[in-house]
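The whole structure should be built from the sequences, with the hints applied where relevant.
So the sequence lines, in the order shown, correspond to chains A and B. Start counting the first sequence at 1; every next residue gets the next number (the working numbering). Start counting the second sequence at 1; every next residue gets the next number (the working numbering).
Hints may contain errors.
To be verified - With a Cα cut of at most 16 Å, we get these calculated EDC-like pairs of lysine to aspartate or glutamate:
1. Lys118/A - Glu155/A
2. Lys166/B - Asp129/A
3. Lys40/A - Asp66/B
4. Lys40/A - Glu86/B
5. Lys68/A - Glu84/A
6. Lys166/B - Glu244/B
7. Lys156/B - Asp129/A
8. Lys40/A - Asp26/A
Said to hold, decoys possible - Over 12 Å on every C-beta distance to chain A, these chain B residues come out as not near it, computed from the model:
9. Val17
10. Val226
11. Gly267
12. Arg358
Please keep in mind that the hints were generated in silico from the structure rather than gathered at the bench. A virtual CB, placed ideally from N, CA and C, is assigned to each residue, including glycine.
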Amino acid sequence: MPWVAGWATCSAGVDVATAQASAVQDLIDVFGRLPGIGPKSAQRIAYHLLKADAEESRRLAAAVVAAKERVGFCSRCFNLSETEICALCTDERRDTHVLCVVEEPRDVIAVERTREYKGRYHVLGGAIDHLQGVGPEQLKIRELLARVDAENITEVIICTNPNLEGEATALYLGRVLSVPGLTVSRIASGLPVGGDLEYADELTLGRALEGRRTVDHPAPAD
Amino acid sequence: MQLLELWLTDFRSHESVHLECPSGLSAFVGANGMGKSNLLEAIGYLATLSSFRGVPGDALIRSGADTAVVRARVISDDREHLVEAEIVRGRPNRVLVDRQRLRRTRDLLGTLRVSVFSPDDLSLVKGSPGLRRDYLDDLAVSLHPRNDAVRSDWEKALRQRNALLKQVAGRLDDSAGLTLDVWDSKAAQAGTRLMEIRRTLIERLATSVETAYQQLSGSQQRVDLVYEPSCADDLLETLRSEREVDIRRRLTTLGPHRDELRITLDGMPSRTHCSQGEQRCLALSLRLAGHREVAREVGTAPVLLLDDVFSELDPSRCEALVRALPEGQSFLTAASGLPESVHPDRVIQVTREGLVERAGAN
Ligand SMILES: [Zn+2]
Numbered sequence: 001m002p003w004v005a006g007w008a009t010c011s012a013g014v015d016v017a018t019a020q021a022s023a024v025q026d027l028i029d030v031f032g033r034l035p036g037i038g039p040k041s042a043q044r045i046a047y048h049l050l051k052a053d054a055e056e057s058r059r060l061a062a063a064v065v066a067a068k069e070r071v072g073f074c075s076r077c078f079n080l081s082e083t084e085i086c087a088l089c090t091d092e093r094r095d096t097h098v099l100c101v102v103e104e105p106r107d108v109i110a111v112e113r114t115r116e117y118k119g120r121y122h123v124l125g126g127a128i129d130h131l132q133g134v135g136p137e138q139l140k141i142r143e144l145l146a147r148v149d150a151e152n153i154t155e156v157i158i159c160t161n162p163n164l165e166g167e168a169t170a171l172y173l174g175r176v177l178s179v180p181g182l183t184v185s186r187i188a189s190g191l192p193v194g195g196d197l198e199y200a201d202e203l204t205l206g207r208a209l210e211g212r213r214t215v216d217h218p219a220p221a222d
Numbered sequence: 001m002q003l004l005e006l007w008l009t010d011f012r013s014h015e016s017v018h019l020e021c022p023s024g025l026s027a028f029v030g031a032n033g034m035g036k037s038n039l040l041e042a043i044g045y046l047a048t049l050s051s052f053r054g055v056p057g058d059a060l061i062r063s064g065a066d067t068a069v070v071r072a073r074v075i076s077d078d079r080e081h082l083v084e085a086e087i088v089r090g091r092p093n094r095v096l097v098d099r100q101r102l103r104r105t106r107d108l109l110g111t112l113r114v115s116v117f118s119p120d121d122l123s124l125v126k127g128s129p130g131l132r133r134d135y136l137d138d139l140a141v142s143l144h145p146r147n148d149a150v151r152s153d154w155e156k157a158l159r160q161r162n163a164l165l166k167q168v169a170g171r172l173d174d175s176a177g178l179t180l181d182v183w184d185s186k187a188a189q190a191g192t193r194l195m196e197i198r199r200t201l202i203e204r205l206a207t208s209v210e211t212a213y214q215q216l217s218g219s220q221q222r223v224d225l226v227y228e229p230s231c232a233d234d235l236l237e238t239l240r241s242e243r244e245v246d247i248r249r250r251l252t253t254l255g256p257h258r259d260e261l262r263i264t265l266d267g268m269p270s271r272t273h274c275s276q277g278e279q280r281c282l283a284l285s286l287r288l289a290g291h292r293e294v295a296r297e298v299g300t301a302p303v304l305l306l307d308d309v310f311s312e313l314d315p316s317r318c319e320a321l322v323r324a325l326p327e328g329q330s331f332l333t334a335a336s337g338l339p340e341s342v343h344p345d346r347v348i349q350v351t352r353e354g355l356v357e358r359a360g361a362n
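In structure tokens, the structure reads:
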């Protein structure tokens, strides 16, 4: 790759668009669209891959394709899974009557890290957010209600994010889950308000799980 | 609270600026269009991450550049901090304090506090109620940064409720009704808190504003601030009783976003029954009172940014304003020369070529 040195050394002040080969720019753009990666990081990753030997790029590409092909959603809890039913749903040592409801698969990992919880999960696939076109119908809420019925669930712990959308979703769930014999609780705060579950440390989230409280029901409008 | 040093890269008209900032009063002078106000705007940006001229972030990036950077060394809470903000075209801004990236911009509030006075402040008195609500809410956040969470929860809940009202397009089924219950309850929770915050603040400000007005105007006129909510006290009840109307109009008709701060001078409504001079003086009083309250609450005066305020005032009011300003660091801009009563510690000429310190200010 004789042209590498040419663009790698070009500095600010040079017209970047013409100094950078368009395939490089495409690569930077692809990384830049990923969550949590800013323009500088995108550029750094792209340069790194182009400098490293070709095998590394092949491995990366293969890993992305393989994951995308093999990993789907568990048909019961909607967590990421390589099998029809995920390992957490089939683990017989777990309490089968308790469900922890989270927004995203990454939140399952966060709760698992606490080692405080021994029941099963249900992943909603987001939170109510009308600005993003997400109402209750777009979430796995119907499926949740069906599970509560079919699996003889006695307790549901709502572990949505402690931000406005997460709280609203919790309130909505509290309302639709008000069935006799079912305890519905919300993890206690102590979690940073406006934050994401994902970023809470194990200890804080563990305590929040322990100190969960019953969800207040919004009284219906007349 | 003090700004020690300021660096700008591609901010508005300034390609590259480095400015050391002594305590006391610094004046930026020079012809219009040289970017005097942009310097104040940059300082303000580091405090609030928004422009006090109400323009979006992209407008702050020098044309032809993709990124603007504002960086400053500041002293706050007796500690020195390095605050850096990077404004990137079409992307969320990035903020670092002491080289640590802030995950939430809200965490920045309080690191640098500013009070801004600008000729646009006249609209605080003359303009729409929204400007007075913003004045109250901004001040509430300056006094207690955690109030920002209440304000943003209310605004978000309102936006969600309005989005839902649009989606149901005039007809509410059971499921949407349930979701609307949820947003009513969330909006009422945050909205009621916000109204309480505004009420408490107005009580606290009332005497402060009157004192400031009497100092600036040299008169004994009475100033009253009255909070006029758009709805009866219980916000949740209001949202429910207005539901039919809201569904038909596809937006939330009543709530804290429709409330008014009424200001009267000797009992007369200032918006409609005061002279322009009285209105200008009232606007200054609102700003001055806010500045004093924050200084009292925080224990140290915010950095004062006076953007071209003297050009609109007669000499006696200029003098009264200068006398009324509390101790602390201040920056001002003046296009048409400084009034006689203003004695800056330092005068900086802003020219096309850059900043030049002018000797012999005092
Ligand atoms: Zn599963």
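Taking the hints in turn, this is what the structure says about them:
{"no.": "1", "hint": "Lys118/A - Glu155/A", "in the structure": "12 Å, holds"}
{"no.": "2", "hint": "Lys166/B - Asp129/A", "in the structure": "13 Å, holds"}
{"no.": "3", "hint": "Lys40/A - Asp66/B", "in the structure": "12 Å, holds"}
{"no.": "4", "hint": "Lys40/A - Glu86/B", "in the structure": "12 Å, holds"}
{"no.": "5", "hint": "Lys68/A - Glu84/A", "in the structure": "15 Å, holds"}
{"no.": "6", "hint": "Lys166/B - Glu244/B", "in the structure": "13 Å, holds"}
{"no.": "7", "hint": "Lys156/B - Asp129/A", "in the structure": "10 Å, holds"}
{"no.": "8", "hint": "Lys40/A - Asp26/A", "in the structure": "14 Å, holds"}
{"no.": "9", "hint": "Val17", "in the structure": "18 Å, holds"}
{"no.": "10", "hint": "Val226", "in the structure": "31 Å, holds"}
{"no.": "11", "hint": "Gly267", "in the structure": "41 Å, holds"}
{"no.": "12", "hint": "Arg358", "in the structure": "32 Å, holds"}
Checked against the numbered hints given earlier, this structure breaks none of them.
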